[in-house]
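Whole structure, please, built from the sequences with the hints as guidance.
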Amino acid sequence: DAKTTQPTSMDCAEGRAANLPCNHSTISGNEYVYWYRQIHSQGPQYIIHGLKNNETNEMASLIITEDRKSSTLILPHATLRDTAVYYCIVRVARLETSGTYKYIFGTGTRLKVLA
Amino acid sequence: DGGITQSPKYLFRKEGQNVTLSCEQNLNHDAMYWYRQDPGQGLRLIYYSQIVNDFQKGDIAEGYSVSREKKESFPLTVTSAQKNPTAFYLCASSISGSSGELFFGEGSRLTVL
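One line per chain: the protein sequences are A and G, in this order. Counting with our numbering, you get residues 1 to 115 for the letters of the first sequence. Counting with our numbering, you get residues 1 to 113 for the letters of the second sequence.
Treat the hints with care, since some could be wrong.
Claimed, not checked - Below 30 Å or equal to it, Euclidean Cα-Cα: the simulated BS3-like pairs (lysine-lysine) are:
1. G/Lys-57 with A/Lys-3
2. G/Lys-71 with A/Lys-102
3. G/Lys-70 with G/Lys-9
Please keep in mind that the hints were generated in silico from the structure rather than gathered at the bench.
Structure (structure tokens):
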């Protein structure tokens, strides 16, 4: 299964952009990349996902390299409430059953936004 | 409101006892998942199910069992065979399709005394 590698922790100044990298060098052509965040042992919260193209929503932007081996989540103006663990996830298809997927989590990046 | 409900939120059990964690969703999602999270660690997949009466083992299925008798319910039983059951358990669901995102419950924290 495709796996993800993320830095263990990062700091970011409040109001600045937070750029969180993720390596997924073994990803297959039809596997999506998802980003979630988790605040203090709550259920993870969906942020954004993509396949090949860059994506943007009200929370963040996702930049995927052309070879799809890595991606970057961008929080454009980080606030203190963005302090959380951020997970980069690859969704893997189960070949035996069409339409069945499993989501493989990495160990995540602990982002600390500093005042 | 639509969502995923996990119960109980906190659970204590003695060694050697089986315990069942409940997960119910009213989102009409086909797929459901169980993850385990240990302190300071990421989420590891225990079991997942795409349709009723069918489920697959994840990466750490040993010592756990599940059932999927109804679309909206996916209970997880932590058996006495699970050597280190103390953990935070998260249930999730998703729509089948090309890019369905995961929706998570609030989790159940199991402590073995």
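Going through the hints against the structure:
no.: 1; hint: G/Lys-57 with A/Lys-3; verdict: holds (18 Å)
no.: 2; hint: G/Lys-71 with A/Lys-102; verdict: holds (18 Å)
no.: 3; hint: G/Lys-70 with G/Lys-9; verdict: holds (22 Å)
When each numbered hint is compared with the structure, no violation occurs for any of them.
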